[in-house]
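4 protein chains.
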Amino acid sequence: MDIPEQFHFEYLRRVEFSDTDMAGIIHFANYFRYVESAEHAFWRSLGRSIHSGKGEDQHGWPRLNVSCSFFKPTRFEQLLKIRLHIQEVRNTTICYGFYVFDDQEPEPALVAAGEMTIIHVALKPNSGNLEKAPIPDDLRDQLNKVIAPASN
Amino acid sequence: MDIPEQFHFEYLRRVEFSDTDMAGIIHFANYFRYVESAEHAFWRSLGRSIHSGKGEDQHGWPRLNVSCSFFKPTRFEQLLKIRLHIQEVRNTTICYGFYVFDDQEPEPALVAAGEMTIIHVALKPNSGNLEKAPIPDDLRDQLNKVIAPASN
Amino acid sequence: MDIPEQFHFEYLRRVEFSDTDMAGIIHFANYFRYVESAEHAFWRSLGRSIHSGKGEDQHGWPRLNVSCSFFKPTRFEQLLKIRLHIQEVRNTTICYGFYVFDDQEPEPALVAAGEMTIIHVALKPNSGNLEKAPIPDDLRDQLNKVIAPASN
Amino acid sequence: MDIPEQFHFEYLRRVEFSDTDMAGIIHFANYFRYVESAEHAFWRSLGRSIHSGKGEDQHGWPRLNVSCSFFKPTRFEQLLKIRLHIQEVRNTTICYGFYVFDDQEPEPALVAAGEMTIIHVALKPNSGNLEKAPIPDDLRDQLNKVIAPASN
Numbered sequence: 006m007d008i009p010e011q012f013h014f015e016y017l018r019r020v021e022f023s024d025t026d027m028a029g030i031i032h033f034a035n036y037f038r039y040v041e042s043a044e045h046a047f048w049r050s051l052g053r054s055i056h057s058g059k060g061e062d063q064h065g066w067p068r069l070n071v072s073c074s075f076f077k078p079t080r081f082e083q084l085l086k087i088r089l090h091i092q093e094v095r096n097t098t099i100c101y102g103f104y105v106f107d108d109q110e111p112e113p114a115l116v117a118a119g120e121m122t123i124i125h126v127a128l129k130p131n132s133g134n135l136e137k138a139p140i141p142d143d144l145r146d147q148l149n150k151v152i153a154p155a156s157n
Numbered sequence: 006m007d008i009p010e011q012f013h014f015e016y017l018r019r020v021e022f023s024d025t026d027m028a029g030i031i032h033f034a035n036y037f038r039y040v041e042s043a044e045h046a047f048w049r050s051l052g053r054s055i056h057s058g059k060g061e062d063q064h065g066w067p068r069l070n071v072s073c074s075f076f077k078p079t080r081f082e083q084l085l086k087i088r089l090h091i092q093e094v095r096n097t098t099i100c101y102g103f104y105v106f107d108d109q110e111p112e113p114a115l116v117a118a119g120e121m122t123i124i125h126v127a128l129k130p131n132s133g134n135l136e137k138a139p140i141p142d143d144l145r146d147q148l149n150k151v152i153a154p155a156s157n
Numbered sequence: 006m007d008i009p010e011q012f013h014f015e016y017l018r019r020v021e022f023s024d025t026d027m028a029g030i031i032h033f034a035n036y037f038r039y040v041e042s043a044e045h046a047f048w049r050s051l052g053r054s055i056h057s058g059k060g061e062d063q064h065g066w067p068r069l070n071v072s073c074s075f076f077k078p079t080r081f082e083q084l085l086k087i088r089l090h091i092q093e094v095r096n097t098t099i100c101y102g103f104y105v106f107d108d109q110e111p112e113p114a115l116v117a118a119g120e121m122t123i124i125h126v127a128l129k130p131n132s133g134n135l136e137k138a139p140i141p142d143d144l145r146d147q148l149n150k151v152i153a154p155a156s157n
Numbered sequence: 006m007d008i009p010e011q012f013h014f015e016y017l018r019r020v021e022f023s024d025t026d027m028a029g030i031i032h033f034a035n036y037f038r039y040v041e042s043a044e045h046a047f048w049r050s051l052g053r054s055i056h057s058g059k060g061e062d063q064h065g066w067p068r069l070n071v072s073c074s075f076f077k078p079t080r081f082e083q084l085l086k087i088r089l090h091i092q093e094v095r096n097t098t099i100c101y102g103f104y105v106f107d108d109q110e111p112e113p114a115l116v117a118a119g120e121m122t123i124i125h126v127a128l129k130p131n132s133g134n135l136e137k138a139p140i141p142d143d144l145r146d147q148l149n150k151v152i153a154p155a156s157n
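Just so you know, the sequences run in chain order A, B, C and D.
Each residue of the first sequence is one higher than the one before, starting from 6 at the first, in this note's numbering.
Each residue of the second sequence is one higher than the one before, starting from 6 at the first, in this note's numbering.
Each residue of the third sequence is one higher than the one before, starting from 6 at the first, in this note's numbering.
Each residue of the fourth sequence is one higher than the one before, starting from 6 at the first, in this note's numbering.
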C-alpha cells in the first residue's frame, strides 16, 4: 500500500491482554477503540476535547461510518503506531483516514488501515435533541491549518 | 462450596468470542459485565430499569464494591448460568451475591462466585450532583417480597 | 435503504449497560461484537463452531475487512435485531452483509448496516503457521444450500 | 484510607471514551482491565512477560480472586495513577494490592482500591493440561528483591 506524505498525528498503543482473543491476537473490534483513542489524543493536541459542553451548550461527534482492512495479526505487548490523518472537512462532517503499524524491526509493517467519518451534533434548544450542526468556524480554521500548514 | 437454598434470579449467558483472551478462556473482567447484565435482567423482571429518570428525577446505582473468586476456566460458546441473589438491603445500599455455573454434564460446575454492593444515588436539586439517597420504599418493599415470599 | 428479500439469519441482542458510553448510546465498536456474535450463532445453527480444531487440525476465520454505517443511536435495554446474510462465498473468503434494527414500534428502524469479510486459515504442517486455505467443500456446500435453498 | 509506605509500581492511564458508560463515568469492570495493564507493565519492568512460553514450556497466571472498592467516579480523559504493590508471594500464588488515584489538584484523590491474587500454572507434560505449579525460584527471588530492596 502506498502511504502518501501528508499531515498526520501519531499515537502509540501497546496491545493489552484483555484486547486479545482466543485466537491469540488482538480482537478486530478493538482497533476501532484504539483509533478512536488516537483521535481523542489528536483533539487534545489541539487544546480540545471531543466531548465538551454541558446543559444547553452540549456538543458531540457520533460516528457516521467506519471501515477497516486487516493485513497482519498483532499480539499482546506489541507496540502499535496509529497514524491518523484528515481526509476531508465538510459542512457537518470530518473524514479521517488511519494506518496502523506494528513494531517489527527493522521496518514496521502495516497491519490495518481504514476510514472513520464523524458528524457534529449540537443541542437544539427547542427540541432538546442533539441534531447535526455545522462545524464551528474556529474548529474548521484550526483543522485546516493543521492539514495544510504550508499554505498559512 | 455449599450453596444455600434461597431466592435467586437465573440468567443464561453464552461466552462470546470477543470476551475470551489469548489464554483461550473468558477474560476475568468480563464476568463482572455478565453479572451486571444478570442484575439488569433481574430488575426488568421486577418491571424496573436500573437506570431511570431524566432531568431532575435522575437516579443511579453505582457500584460500591465488588469481589469475585474464580474456580474453573470457561471457554467460547459455553452456556453459563448466573445465579444472583440479594444478601442484604440496607438504607442506601443493596448487596448481591452471585454464583456462576458452566454447562458441564451431567452436573454443571461452579466456575465463579462473588458479591457486588450497589448504592442508590439521586440528583440533589440544590447541588446538581448525584448524591447517595435512601432506597425508595416501593422498591424496598418489592425487594423484600422477592427475598422472602413465604412471609408475605 | 432498500433491503432486498433474501436468505438471512436473525439474532436478537439487548444493548447492555457496559456497551454504552458517556454519550448515553451504544459505543459504535460494540456493533462489531454484536454482529460477530450473530455470525457465531449462525454457524451454530449450521451445527458448526467458527473456532474449531486442535493441534494439527486447527482452523480459524480472521476478519479481512469490515465496514459499518450508523443511522440512528441505540440505547440501554433496547432489543436489537441483527439480520446477517451471505453476500458471496469465494475460494478462501466469505463476505457477509448485515442490517441492525431497533425495537421501535410499530416499525423497527434501521440503525446500522455494513459488511464483514472473513478468510479461512488453516495450520500449515511444515511452517507451523496459520495460512489462508480454500474453504472446505462440505462447508461451501452447506453455505450454498443456505443461500439458495430453492435451487436445491 | 491509610496508605502504607512500601514498594509500589506506578502506572498512568487516561480514561478512554469507550471505557465510560451512560452514567458518564468509567464503567467499574474497566478498572480491572486497567489494573491488569499496570501489572503487565510491572512485569515488563522486571524484563518479563506475564504470558510466556510456547509448546511444552507454556506458563500462565490466571486470576484466583479479585476485589475492588470504588470511592469516587472518574471521567473521560482524566489521567489515573495506578499504584500496584505485592502483598504476599506464596508457593503458587502472588497477591497484589492496588490503589487508583485521579488527577485532582492540588491533591489526587483515591478513587478505587483492591486486591488481585494470581496463580502460576504450567503445562503438565503427561496430561497436556495447565496445572498449578510452584513459582519458579528466579522469579521469586526477583520479586522478593523488589519488595524489600533494603535487605539485599
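Hints in this document: simulated from the structure, not taken from any laboratory.
Misleading hints may appear alongside valid ones.
Given that identical chains are not distinguished, each listed pair holds provided it fits within a single copy or across any two copies.
[Stated by the list, open to error] No more than 25 Å apart at the CA atoms, straight line, and that leaves these computed lysine to any residue pairs for SDA-like:
| no. | residue 1 | residue 2 |
| --- | --- | --- |
| 1 | Lys77 | Ala138 |
| 2 | Lys137 | Glu93 |
| 3 | Lys86 | Pro139 |
| 4 | Lys137 | Leu17 |
| 5 | Lys150 | Pro111 |
| 6 | Lys137 | Asp108 |
| 7 | Lys129 | Val151 |
| 8 | Lys129 | Phe22 |
If you're wondering where the values come from, they're calculated on a predicted model, not measured in any experiment.
For each hint, the structure was consulted:
| no. | hint | in the structure |
| --- | --- | --- |
| 1 | Lys77 - Ala138 | between (38 Å within a copy, 16 Å between copies) |
| 2 | Lys137 - Glu93 | within (17 Å within a copy, 36 Å between copies) |
| 3 | Lys86 - Pro139 | neither (32 Å within a copy, 32 Å between copies) |
| 4 | Lys137 - Leu17 | neither (32 Å within a copy, 29 Å between copies) |
| 5 | Lys150 - Pro111 | neither (33 Å within a copy, 35 Å between copies) |
| 6 | Lys137 - Asp108 | between (39 Å within a copy, 23 Å between copies) |
| 7 | Lys129 - Val151 | neither (29 Å within a copy, 43 Å between copies) |
| 8 | Lys129 - Phe22 | between (42 Å within a copy, 23 Å between copies) |
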